[in-house]
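Protein chains in written order, with our numbering: chain A, 1 to 291; chain B, 1 to 251; chain C, 1 to 306.
No lab work stands behind these hints: they were computed from the structure.
By construction, the Cβ of each residue, glycine as well, lies at the ideal position given by its N, Cα and C atoms.
Errors might be hidden in some of the hints.
With a Cα cut of at most 27 Å, we get these calculated DSSO-like pairs of lysine-lysine [stated by the list, open to error]:
| hint | chain 1 | residue 1 | chain 2 | residue 2 |
| --- | --- | --- | --- | --- |
| 1 | C | Lys32 | C | Lys295 |
| 2 | C | Lys295 | A | Lys90 |
| 3 | C | Lys4 | B | Lys110 |
| 4 | C | Lys4 | B | Lys116 |
| 5 | C | Lys4 | C | Lys295 |
Pulled from the structure, derived: some chain B residues nowhere near chain C, Cβ distances all over 12 Å [unchecked claim]:
| hint | residue |
| --- | --- |
| 6 | Arg185 |
| 7 | Gly229 |
| 8 | Met241 |
Some chain C residues close to chain B (C-beta under 7 Å, calculated; not the full set) [stated by the list, open to error]:
| hint | residue |
| --- | --- |
| 9 | Phe178 |
| 10 | Ala184 |
| 11 | Ala193 |
| 12 | Ala194 |
| 13 | Met195 |
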Amino acid sequence: MRDLLELAVSATASGCIYGLIALAYLLMIRPTGIINFAVGEWAMVAAFGGHLLLYRYEWPYALGMAAVVAFMMLVGWGTERVAVRPLVEKGAPLLAPILALLGVLVVTREVISVSFPPDPLPVPFPFGIGRLEIGPVGGSYQSFFIIVVTLLVFAGMWFFFEKTLWGKSFEAVALNRRAAALMGINLSRVTALSFAGGAGAAGLAGLLVSPNISAHYLMGVPLAIQGFTALVVGGVGRVEGALLGGLLLAFAEQFIARYAPIPSGYTQGVPLLFLMIFLLVRPTGLLRARA
Amino acid sequence: MGSILEVRRLTKRFGGLTAVAGLDFDLREGEILGVIGPNGAGKTTTFNIIAGTYDADEGEIRFAGQPILGLAPHRIARLGIMRTFQHNRPFSGMPVLDNVMVGAHTRFSKNVFSRKAANEERFQRRRAEELVEFVGLAGLRDADVGTLSFGQGRLLEIARALAGEPRVILFDEPAAGLTPAELDRLGGIIRGIAQRGIAVLLIEHDMRFLLPLASRVVVLNFGARIAEGTPQEVRSQPAVMEAYLGDAAAL
Amino acid sequence: MTAKRLAWVGGFVILAVLPFFLGSYHNDVYRKLLLWITLALGYNFLFGICGQVAFSHFAFYGIGAYSVVILLFQLNLPFPVAIVLGVVICVVLALAVAIPATRLEGFYLALVTLALAQLFIVVLNEGGDVTGGTGGIANYRLPPIFGWRIAGPSYTVVIVALLAATLAVLWRLDHSWFGRACRAVRDNPEAAAAMGVDVARTKVIVFTLTSALAGIAGMVYAFVDNTVNPPIFGLDNAFLILFMVIVGGAGRHAGAAIGAILLFLLPFWLSPLVGHHHQLVFGLLVVAAILLQPKGLIGLWDRFSR
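Whenever a hint applies, use it, and build me the whole structure from the sequences.
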């Protein structure tokens with residue numbers, strides 16, 4: 001039982017990471033239809049930011065975290081300016097910015113790989129290494145930290161979309177770009193903000209996960225796939241779906257790894273199978289949400 | 001003249017709304033049949049059901065005696081019913097002539113590696129050139145479709161549909177968005193198509209364009225037929241006047 | 001028309017004679033260049049002509065290579081049987097993916113095939129004795145074929161023949177109703193259907209055909225390095241092949257070939273400057289191509305040669 005709860009806490013924590021990445025995708029897909037596969041690389045960049053500010057320069061955690069997230073939002077905003085907006089303004093097919101972002105993905109990864117040594121680099125834990133026990137529920141400090149931060153982010157997102165005018169204009173754009181433009185909503189500003197927000201969410205995920213797995217320039221693609229799987233499982237319709245999908249995926253992953261009688265290496269395949277099965281069995285749900 | 005397309009008891013509901021309600025009409029060989037009606041009368045829905053884009057809830061459509069309701073759009077094209085789109089949908093990555101040749105898709109034998117294939121290709125290219133000329137785009141056959149005007153794009157739609165050697169051609173509001181000069185030319189082309197023995201079904205809102213052109217007219221309102229006959233007959237029927245009340249200038 | 005055909009035949013004869021004047025290092029480089037061009041031509045048909053973004057192309061290259069090696073040297077099947085069975089495996093797998101996956105719109109196909117490509121690597125790594133695990137399988141030799149031992153420059157000729165056959169098939173398809181149907185599906189699926197094109201079927205055929213062609217190229221590749229291992233078939237190369245087609249010019253055979261040649265040779269020239277980080281240059285080229293020259297290098301060539 002204790003073992004099970006321990007596993008549940010750690011699965012919840014990684015589900016939160018996937019949920020944040022899924023949120024990053026969602027923020028960009030909803031208003032633009034663009035699947036930005038570079039979110040994994042953004043998480044990676046943030047992990048390196050964490051290494052630089054928190055480990056090498058030993059900034060206080062809160063300050064470093066704020067700086068990294070702010071920097072990532074700037075990166076997202078800049079990416080949109082350079083690789084997305086010119087194409088959207090030219091009326092290029094939707095695939096064009098998606099492919100351009102794949103180019104950005106590779107450039108981002110290589111810039112980091114040129115700038116840092118190739119070995120995994122440490123990122124400090126905000127509260128050190130230790131265990132927290134709440135009744136029968138136990139887990140590492142970091143697990144609880146991840147869960148709390150993620151819940152705050154999703155609560156903030158919920159508030160943003162439900163209660164603020166900005167959030168409503170976001171939804172209007174997601175439903176119908178042309179109608180939204182006619183209503184006087186500034187499309188390019190919404191798009192820029194969605195990329196800034198997406199990069200912020202992805203960066204937060206990278207920063208939160210990096211103390212456990214270290215900052216490494218190849219960490220992006222697996223996170224991008226897991227996050228996208230979470231998005232597909234949860235559906236692109238609602239913000240909460242991202243978190244739900246992330247949690248489902250992480251529980252499946254960790255419980256299969258622990259209890260299913262398959263060789264441990266194959267457990268890497270679980271999110272991939274999840275992704276394929278969900279895309280193939282329930283594609284209509286996805287497509288409808290995109291329209 | 002026999003009927004090539006028979007529509008019977010056609011019904012289509014969207015949720016609580018009945019867009020087409022037990023519609024009956026025939027398209028006869030070689031005629032130009034106009035289907036008119038006020039906005040929301042069910043014209044476009046009817047068109048989309050015949051073309052295979054929508055399925056119907058009830059009813060029957062027969063083409064040359066064969067039931068076609070529920071077939072996928074590409075199967076309907078294969079049988080010999082081709083269509084144009086109201087909002088032009090060219091294949092933007094291909095020049096004009098190749099766009100028209102896509103229309104001839106169903107006219108090729110399957111094996112692309114046979115010796116016959118090269119001859120077919122040459123034959124269809126010549127036919128496509130003729131059709132491009134027929135609709136008046138002769139000078140533009142190698143042009144990028146992106147450079148065409150809206151009116152030229154409409155003509156391309158027609159040439160492309162004709163390339164499939166249809167027995168029936170469906171026009172979805174072909175007059176929409178055209179200049180008066182282009183309308184004149186379009187009228188001539190549609191008459192020319194009918195003279196080739198192809199039955200024409202015209203869904204149209206613009207009565208001034210349609211009435212001089214059509215051999216017969218079916219008037220829809222609330223998804224059902226409220227009148228049918230020659231343009232002169234239909235024009236004088238009170239039910240039609242009523243349906244178009246507020247739009248009387250259109251008559 | 002015949003003069004043109006003669007020029008093509010002559011060109012391929014020169015390509016086939018060339019390896020006999022090259023040393024073994026340059027033969028190796030030349031072979032890989034030819035294989036990349038072959039792969040890019042197939043991928044261009046899928047992505048550039050039929051408009052489907054898939055990341056499984058390189059995985060099928062790997063499936064072909066691993067299949068033939070496993071069938072020949074783990075299961076000890078006779079050579080012709082192994083070749084036929086290898087092709088069958090590629091076709092069956094491609095169909096199994098294509099039938100459900102080509103229903104997906106736009107980039108979702110890309111993600112399913114990305115997952116497939118990753119899953120392939122997982123299977124290779126965890127395949128134990130069958131796949132040789134992370135180390136792969138090495139130290140085998142192409143068995144004699146009907147008493148012939150093909151090695152050195154003669155094997156390069158085999159690759160030239162593969163390239164010629166691939167190009168001939170794709171060219172023929174492209175310059176027929178089928179190629180036009182593919183482009184129609186890419187440009188406007190709804191209008192394509194109205195013209196009588198079976199959109200789903202066209203997508204499935206193209207995905208299966210190009211995947212099988214990649215598989216066959218992979219079978220040929222298996223005897224170039226005489227080793228197959230997971231890193232060769234990883235995601236980097238799946239991206240690279242997409243980048244080749246984009247940079248060269250999607251939708252054009254010449255574009256795909258130019259892109260393949262450029263991005264294959266670029267690292268040789270770039271390595272003194274950027275070391276192993278030539279991917280940085282590739283990424284920048286792709287972004288620049290999409291933003292500034294969507295028709296790729298071949299489009300640039302058209303503009304200046306006019």
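Each hint tested on the structure:
Between Lys32 of chain C and Lys295 of chain C the CA atoms are separated by roughly 25 Å; this keeps the pair inside 27 Å, and the hint holds. The hinted pair formed by Lys295 of chain C and Lys90 of chain A meets the criterion: a straight-line CA distance of about 14 Å does not exceed 27 Å. For the given pair, Lys4 of chain C sits about 26 Å from Lys110 of chain B by alpha-carbon distance, which is consistent with the 27 Å threshold. The hinted pair formed by Lys4 of chain C and Lys116 of chain B meets the criterion: a straight-line CA distance of about 20 Å does not exceed 27 Å.
Of the supplied pair hints, the one linking Lys4 of chain C and Lys295 of chain C holds, its CA atoms being roughly 25 Å apart against a limit of 27 Å. Taking the minimum C-beta to C-beta distance to chain C, about 22 Å, the non-interface status of Arg185 of chain B holds against the 12 Å cut. For Gly229 of chain B, the non-interface assignment is confirmed: its Cβ lies about 30 Å from the closest Cβ of chain C, beyond the 12 Å cut-off. No Cβ of chain C comes within 12 Å of the Cβ of Met241 of chain B; the nearest lies about 35 Å off, and the non-interface call holds.
At a threshold of 7 Å, the smallest CB-CB gap from Phe178 of chain C to chain B is about 5 Å, leaving the interface hint in force. The closest approach between the C-beta of Ala184 of chain C and any C-beta of chain B is roughly 5 Å, which is under the 7 Å cut-off, so the hint is satisfied. Annotation: Ala193 of chain C was flagged as interfacial toward chain B, and the flag holds, the nearest CB pair being 4 Å apart, inside 7 Å. Evaluation of the Ala194 of chain C hint against chain B yields a held restraint, the C-beta minimum of about 5 Å falling below 7 Å.
Satisfaction of the interface hint for Met195 of chain C is found here, the shortest Cβ-Cβ separation to chain B being roughly 5 Å, below the 7 Å cut-off.
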